[in-house]
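Using this note's numbering, the letters of the sequence shown correspond one by one to residues 1 to 176.
Do not take every clue at face value.
[Unchecked claim] In the BS3-like style, the derived pairs of lysine-lysine whose C-alpha atoms are separated by at most 27 Å in a straight line are: (1) Lys-5 x Lys-147; (2) Lys-143 x Lys-126; (3) Lys-69 x Lys-21; (4) Lys-6 x Lys-27; (5) Lys-14 x Lys-82; (6) Lys-126 x Lys-6; (7) Lys-126 x Lys-3; (8) Lys-69 x Lys-82; (9) Lys-147 x Lys-6; (10) Lys-143 x Lys-6; (11) Lys-5 x Lys-69; (12) Lys-82 x Lys-143; (13) Lys-82 x Lys-3; (14) Lys-69 x Lys-58; (15) Lys-27 x Lys-147; (16) Lys-82 x Lys-58; (17) Lys-69 x Lys-127; (18) Lys-126 x Lys-147; (19) Lys-168 x Lys-126; (20) Lys-6 x Lys-21; (21) Lys-127 x Lys-143; (22) Lys-126 x Lys-14; (23) Lys-147 x Lys-58; (24) Lys-168 x Lys-147; (25) Lys-168 x Lys-143; (26) Lys-127 x Lys-21; (27) Lys-21 x Lys-126; (28) Lys-6 x Lys-69; (29) Lys-143 x Lys-3; (30) Lys-5 x Lys-82; (31) Lys-82 x Lys-6; (32) Lys-69 x Lys-126; (33) Lys-127 x Lys-147; (34) Lys-147 x Lys-69; (35) Lys-3 x Lys-69.
Rather than coming from a laboratory, the hints here were simulated on the basis of the structure. All figures in this text were calculated on a predicted structure; none of them were measured in a lab.
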Amino acid sequence: MIKCKKAAPEDIEKLFQYFNKLSGETKSYFAPHPFDFETITSICHRSYQDYQSFVCIKNEIIIAYAVVKNGLTEGELNRFAKYSIRINEESDYILAPSVADAFQSQGVGSLLLSFVESELRNQGAKKIILWGGVQLRNERAVKYYLKNGFRTLGEFWHDDLDNLDMVKYLNDTPLI
Numbered sequence: 001m002i003k004c005k006k007a008a009p010e011d012i013e014k015l016f017q018y019f020n021k022l023s024g025e026t027k028s029y030f031a032p033h034p035f036d037f038e039t040i041t042s043i044c045h046r047s048y049q050d051y052q053s054f055v056c057i058k059n060e061i062i063i064a065y066a067v068v069k070n071g072l073t074e075g076e077l078n079r080f081a082k083y084s085i086r087i088n089e090e091s092d093y094i095l096a097p098s099v100a101d102a103f104q105s106q107g108v109g110s111l112l113l114s115f116v117e118s119e120l121r122n123q124g125a126k127k128i129i130l131w132g133g134v135q136l137r138n139e140r141a142v143k144y145y146l147k148n149g150f151r152t153l154g155e156f157w158h159d160d161l162d163n164l165d166m167v168k169y170l171n172d173t174p175l176i
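The task is simple: from the sequences and hints, build the whole structure.
Structural data, given as structure tokens:
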């Protein structure tokens, strides 16, 4: 059975192991923060830059992780200025999820996303925006986001890669 929950101090070692076991390819798609022990400790103690983190656990092993932050980063704010979308720093969140390589394409990401969405709705969230977008070359992730209700806003170039900005409206009504 898979259990999703907010990350807590007792998850520090498991989360550190999770990041160390991700393949180079998966890590190349996911970089919202450093993966060192100190950062992971701060995140699990909920004292790292106002981040909230969530994990899915199976047989005492973390198999999926997501980090969210209220509001947008400066980079997102600059990019989103070109879209006809109203940003609300209080009710918009950025999201960066990941799933262990062995559990990808098995529904774990959808389970994690559903849990995170529920938690964010309880906090008054209206929109979830992909943190740093999604790399266009990551076709599996693009399909996953579209399947789970995200909409493409546009493309941008970053670190010599094409990326997509995507958003999910939690009330299904775009607030443009």
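Original post:
Is the Cα-Cα distance between Lys-69 and Lys-126 27 Å or less?
Top reply: Since the Cα atoms of Lys-69 and Lys-126 sit roughly 13 Å apart, the hinted pair holds (cutoff 27 Å).
Original post:
Are Lys-82 and Lys-6 close enough, with their CA atoms no more than 27 Å apart?
Top reply: Since the Cα atoms of Lys-82 and Lys-6 sit roughly 34 Å apart, the hinted pair is violated (cutoff 27 Å).
Original post:
Hey, Lys-5 versus Lys-82, does the alpha-carbon distance stay inside 27 Å?
Top reply: Answer violated: Lys-5 to Lys-82 is near 35 Å, above 27 Å.
Original post:
Under the criterion that the straight-line Cα-Cα distance not exceed 27 Å, is the pair Lys-69, Lys-58 satisfied?
Top reply: Between Lys-69 and Lys-58 the Cα gap is close to 25 Å, so the pair holds against 27 Å.
Subject >> Distance restraint between Lys-3 and Lys-69, which requires alpha-carbon spacing of 27 Å or less >> reply: 22 Å, holds
**OP:** For the pair supplied as a hint, Lys-127 and Lys-21, confirm whether the alpha-carbon distance does not exceed 27 Å.
**Re:** Roughly 31 Å separates the two Cα atoms, so the pair is violated.
**OP:** Given the hint that Lys-6 pairs with Lys-27, test it: the Cα-Cα distance must not exceed 27 Å.
**Re:** 21 Å, holds
**OP:** Please work out if Lys-14 and Lys-82 have their alpha carbons no farther apart than 27 Å.
**Re:** 40 Å, violated
Original post:
For the pair supplied as a hint, Lys-82 and Lys-3, is the alpha-carbon distance within the 27 Å limit?
Top reply: 39 Å, violated
**OP:** Below or equal to 27 Å on CA atoms is what counts here, so check Lys-82 against Lys-143.
**Re:** The given pair, whose Cα atoms are some 24 Å apart, holds under the 27 Å limit.
Original post:
Would the pair Lys-5 and Lys-69 pass a check requiring their Cα atoms to be no farther apart than 27 Å?
Top reply: 16 Å, holds
**OP:** Take the C-alpha atoms of Lys-21 and Lys-126, compute the straight-line distance between them, and say whether it is at most 27 Å.
**Re:** Answer violated: Lys-21 to Lys-126 is near 33 Å, above 27 Å.
When each numbered hint is compared with the structure, violations occur for hints 5, 13, 16, 22, 26, 27, 30 and 31.
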